[in-house]
Structures are given as structure tokens and as C-alpha cells.
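Colleague: If you read the sequences in order, they're chains A and B.
End of the first sequence sits at 754 in the numbering used here; the numbers just go up one at a time, nothing left out.
End of the second sequence sits at 269 in the numbering used here; the numbers just go up one at a time, nothing left out.
Source of the hints: derived by calculation from the structure; they are not laboratory data.
Backbone N, C-alpha and C fix where the C-beta goes; we use that ideal spot for every residue, glycine too.
There could be a bad hint or two in this list.
Said to hold, decoys possible - Beyond 12 Å from chain B on every Cβ pair, some chain A residues (computed):
| # | residue |
| --- | --- |
| 1 | H412 |
| 2 | T431 |
| 3 | A463 |
| 4 | A506 |
| 5 | L582 |
| 6 | M587 |
| 7 | V654 |
Unchecked claim - Just some of the chain A residues that point at chain B, by a computed CB distance under 8 Å:
| # | residue |
| --- | --- |
| 8 | F528 |
| 9 | L636 |
| 10 | T646 |
| 11 | E649 |
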Amino acid sequence: MPLSWILLVIFAIAAAGFWFGTSRVLKSVDQNVRALHSLPSYYGGNVSMWVLVPSLGVLAFWSLAQPLFIESRIAYLLEERMSNQGVTLGLMMTEVRRVADGLDSAVTENVMTTEEARSMRVELTDIRNRLAEVGVALGANVTAPIVHAAQQYHQLSATGNMFKSITVIALALAGLGYALLRTTKDFRARNAVERGILAILLFAAMIAIMTTVGILFSLIFNTLEFFKIYSIANFFFGLEWAPSFSGRGGSSSLSVIPLLWGTFYISIIALIVAVPVGIFSAIYLSEYATPKVRAFAKPLLEILAGIPTIVYGLFALLTVGPMLVTVFGDNTVGWMSGGTAVITAGLVMGIMLIPFVSSLSDDIINAVPQSLRDGSYGLGATQSETIRQVVLPAALPGIVGAILLAASRAIGETMIVVLGAGAAARLSLNPFDAMTTVTAKIVSQLTGDSDFASPEALVAFALGTTLFVLTLALNVLALYIVRRYREQYE
Amino acid sequence: MYDLPHARSDVINSDCKISARNVQLYYGDNHAIKDVTANIADKTVTAFIGPSGCGKSTFLRCINRMNDTIDNARMEGTILLDGEDIYDSKVDPVQLRARVGMVFQKPNPFPKSIYDNVAYGPKIHGMVRNRSELDELVERALRRGAIWDELKDRLDEPGTGLSGGQQQRLCIARAIATEPEVLLMDEPCSALDPIATAQIEELIDELRQNYSVVIVTHSMQQAARVSQKTAFFHLGNLVEYADTGQIFTNPQDPRTESYITGRIG
């Protein structure tokens, strides 16, 4: 039974359970709702919960575990049969899976009977033709043992699927029965449903947290792998970034410092642009603008935040870069040789960050209590004195938090750098030079035909980990500052 | 204009600091203050009482033009401070507020040190030439605010960390530091416990020697304790304005009597 059918059956049982539960409990009190502990729908909901949760849980677990189990069985079988043919096990398993999938679809499309799929022996040409009919092309290296293994695979998963369907539907029915038995007028269905809702919320929170942990681990393992074949000292303290793409290894210099320098340089230029403009516009919007202007200008500013960064990248490449070249290029002062430079990317990234800084700062300035402004006006201060000496100091921790959040976005930004800053990793103080950042290099190290076991590819994970730690530290700092600020007024 | 027979004689004869003539105030279409005429005496505590929404706080805010900061507020009539129209176009509201200080309902110390809170007004008005003069001024203001002894060793701590009563006295000291002529207080004790309230009331009584104090209060006991004159507002009208003793013992208007005996409001 395919997965969608199983799900359909389970949900049908759950819907029926809801109806049964509701009507059963209503019948037990002769339709007198006041005699029940909870509203009738809670009883129905409780029954549905008992149908859905155990069966869906087992279904999810089984679907994940079954392929792992079958593959370990098949791998064992293959290893026994042909340990001396010089082909890696991984490649063979891929082949086995392809053939097994072919058999699966051949059976479902009625090109083959189940019996045929199982019994077919060594008539390889025949199998190749038959599978080609359902759109699965087999390579020449498909040998008899592989076909045999594939048949095993096919058979095991067919059996497994059957048992899975039976178990899951049986569990759904068992849940239905158990919950219906417990559905009496004194059963505290409302509390049971409440606990169920709590469990769902907890589960959702867990997914978010576990995913973060999972990402972290996948980064860390690959990073450790990288440090096995490349020295830590060279990575962190070397001064040169020069990967060789010959794939021979050994000749690459993979140091993070030039990339970090590029990241910081571009981010700092971006913040120099974004922070003053963002804060000033926030002050204007929150303190001076009339409600009409504000209602119009604030969404307009926030539109900037919704523009995809690749569009900013194009803006940098096609507009800002050439414009800067006409001002600083060879025709005038000759500081700038090409449109792609630190300053191009930094300016455009700054524009990208303006709404980020201004929107957060605006919220924070608005959160400063009106009583403080009144207090200052009451002492004879003007509006700008009040803003400078009372409102901004009160909002400062929050604004610093906003700036740090903007900084961590700047550090993680990729597309603007790829298009605006160039690809040369270099340590230079000249803002008109092309440079590159950690994120841009992660992309370039992982795209193309790279061998995942080479240091040139694995370095991307080390770079990713470095970046992750940096932005995490910035975010933690920002949240800490913002939280301290919150405590002051609540 | 002369429909307030009880409010006339003695008020006009005393040393008059503030004189309001036919004051009307609108919030948009809402007529919040209806033709209020009153004189407020110097070196006296004047209490404004009345039910919520009667316009007493609004009228208070007219006296230092705080209503200017509200967009849709519109005022008519004149208010004279020492015979000078404060709504005249020559008068800068910012300068006016330095002469007419204000203390608010909720203590609102700035998120600065205690010292900087008090020094804020003198600094923006350029009242001192050097640090030692400022030190003296801060000490004088805190002493008059009856809080110097409690705070003299912790002037560098943030003003927001004080207790509610201390915060409010700090705000009063902050208002005094700019050396105003009139001190307006908008329910200064409504967020405080009885002990802090008693301290503030004692302080108000002392302030009377130097300033004209106007206090808005919901507590009639408080009005009776601290004030010499009392004005009763109802639905935007100034109903009765006389000596405090007379208002509480022998009110002339039936509405005043109903309010102080607890039948309306």
C-alpha cells in the first residue's frame, strides 16, 4: 500500500473516531451537555489524537528505519559474494537501488508480475529490455549478483511495506478502541487534549532546536575532516588564500585571514553607510514625521528589506560599480581599476542594511516611554535636546543590539559580494581593491566539479564553522544587550 | 464671565501669579475646557479636584503649554503669567517651561545618574558656568527636594534604580533645579504608597515658601491637607474656586457638595 493511501486511511479512521467519540459521550448522558466534564468536541478530539499520534509516529519511524535496515542486509550479502572485484561498495549499492526501483515501478505499471520480478534470474538482456520499457536504463556493469541483490532488495522492501501498512493501521484501530473505551462522561477529555496540544508545540520547538544542532554537527564533522588533512595553524594564521584546483593537493594555501579581512572590511563600510542613515531616518520617522508621512514612508523604507539580495548584487555590478569607476577611475584620479571593489559591495550592502537598522531602531525609539519625553519638555528642553539627551540614551542599548544584528547580516551576506566585490582574496587596506569574503569563497569552493574528499572542498566547512561561530557570537551579544534594555521599562 | 460669584473677591485681591481668562481647549471636536477663568496666587498651594476627565489635568497643562506637544489640541483665551500673555507669539514655549516646572503622575527619572537627572535642566539652560557651581546647584535642589540625605553618597547611581517615592522626589528636585517660578504637579502621589505620599505632601508644604504650587489630585483628603485654595472642575467647567476650608466645609455649588460628599464622581 503506498504511503498516501496509508495516510488517507489513518485520517479517515481519525475522522470517524472524532464522530464516534462525540456521539458516544453524548449518548451516555442523553444529549445533556451540562453533565459532561468537557465539551463533546474534546472527547472526539481525544479519540482522534489517540488514532493519529501513535500510528503516525510509528509510520514515520518505520519509514526512516526500513531502508537503513534493508541496506545493511544487502550490503552484507554483496560483500560476501563479490569482495574481490575492485568496485566500491557504495557504487554497487547505488546500482542495486536503481535496479530495485526499476523492479518496483515495473511491478506497479504491470509490465511485470510480482512473481516475474522475484524469479528472474540471469537473463540480463531480458531484464534490461523489460526495465527500459518503464524508463529505467541499466548500465553495462550490471552483473548477475547485482540483479540478485536488487531482487532481494525489492522483495525485502515489499514485505517491509506490507508489514508497515498492517502495523500502522492496526495501531490506529487500537488507538481508536482504547480511546473510545475511555470516553465516559467523567473522563477529563479537555485536559487530555490540552496535554496533546502542549506536546505538539513542544515537538515543533524541538524540531527547530534539533535542526540547528544537526547543522552544527554536520559542519563540525566535516571541519574535523578538513583539519585531518590540513594544518590548523596554516588555516587560522596563514596569510594567503590560493587554492589549487588541480586536485593533486599539497600546493594549496588555504588561510582564513584574507577572507575574514575582506568580510570585515566590507561589513564595516556597510555599517558606516547603514548606521547613521538608518538611525537618523528612525529618529525622523518616530519623532518628527506626522502620522501621514510615517504611514507612507515606513512601509516604503521596509520594501527595501524585501528586495532579494541578488537584485542588490546586480545594482552593485551594473550601476554602483561603473559609477564609482567614472568618479575614481583611470580617467580622473586613477584609484580604481575595475567596478568590482570593496567600496562597491560595501556601499550597496549598506543600502541593504538601512531598513534593517532603521526599522528596528524606530521600534526601539517608540518603546521609550512618552513620560520621559514629557519630563524633558517639562523642564524646558527642545525637541532635539530631548532626543539627544533623553530618548537616544534610553534607546541606546536597543539600538546597539539592532546594529549588531545588522552586522551579523552583513557578515553573512553573499550575493552582493560575489557580484560587487570580485573574487580575489587579498589583504589590502585600499577600499578600491577587489576583495572577497568568507561566504563568497564557500560558494566558489563547493560549486563545480570538486572532489569532496579534497582539502579544497572541505575547507568550505571550516570556513562555514568559523562564520557560524562569529555570527552566533554577535547574535548572542545583540540579544543580551537587547534583553538588558527590556528589563529597564517592564 | 462673572458667573462665578464664589470665586471672585478674595482670589483677585491676593498676590496674583497666574491669571487665566476665558480659556477654552479643544481636542479635535472634543470641548475639553469650557470658558475657565481663574487667578492663581503666588506662594500658595492651589489644588484642582474633580472627577476623571473633568479637564483639571488639561487645564494644568495649558499653564506651561504642554498641550502644544499634542497635535490636535487647540486653545482659545489668554493665560497671563506675571501679567504677560504666555500664548503670545513672542513667547518661546521652551523658555516658558523653564519658568513653569512640571512634575508628572508617574515618576519619570531619565535613565541617567541621579546627579545628571538633576543637572539636566541647569545644563540645557546654561545656568551654571563650571562644575563646582553645578555641584552646588544640584545639592541645593536635592536638599529642597528633601532627598539629599538619602542620596548624597550615591549620586552616580542610575535614577531609575530608586524606590517610587524617591524617584518622585528626585523628579521634584529635578524640576526645582531649573529654578522655576511656578511648579505644576499632576497627581504626583497617585503612584505612591502612603508613606511616600506623606513625604511628598510635607515637601509640597515647604515648597510653598518659594513657589506658587498647583497640584491636581484625586484625593480630597490630600487637597484638604496640602492646599490653601481649591478649584473644583466638572465636565470641563470650573464649578467653584475658593479657600480650601470653605470648599470642604461650606460649598456653595450643589455639584461641589455632591462631589466632596461622594455622591458624584
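Colleague: For each hint, tell me whether it holds in the structure or not.
Modeller: Hint check results:
1. H412: holds (78 Å)
2. T431: At about 63 Å from chain B, A:T431 clears the 12 Å cut-off, so the statement holds.
3. A463: Label holds. Min Cβ-Cβ 42 Å, cutoff 12 Å.
4. A506: holds (52 Å)
5. L582: holds (44 Å)
6. M587: Non-interface label stands for A:M587: nearest chain B Cβ at 42 Å, farther than 12 Å.
7. V654: The assertion about A:V654 is violated, with a minimum of 5 Å to chain B.
8. F528: It is violated, given that the least Cβ distance between A:F528 and chain B is near 32 Å, above 8 Å.
9. L636: holds (6 Å)
10. T646: It holds, given that the least Cβ distance between A:T646 and chain B is near 5 Å, below 8 Å.
11. E649: Hint on A:E649: holds, closest Cβ of chain B at ~5 Å, below 8 Å.
In this structure, the earlier hints numbered 7 and 8 are contradicted, and the remaining ones agree with it.
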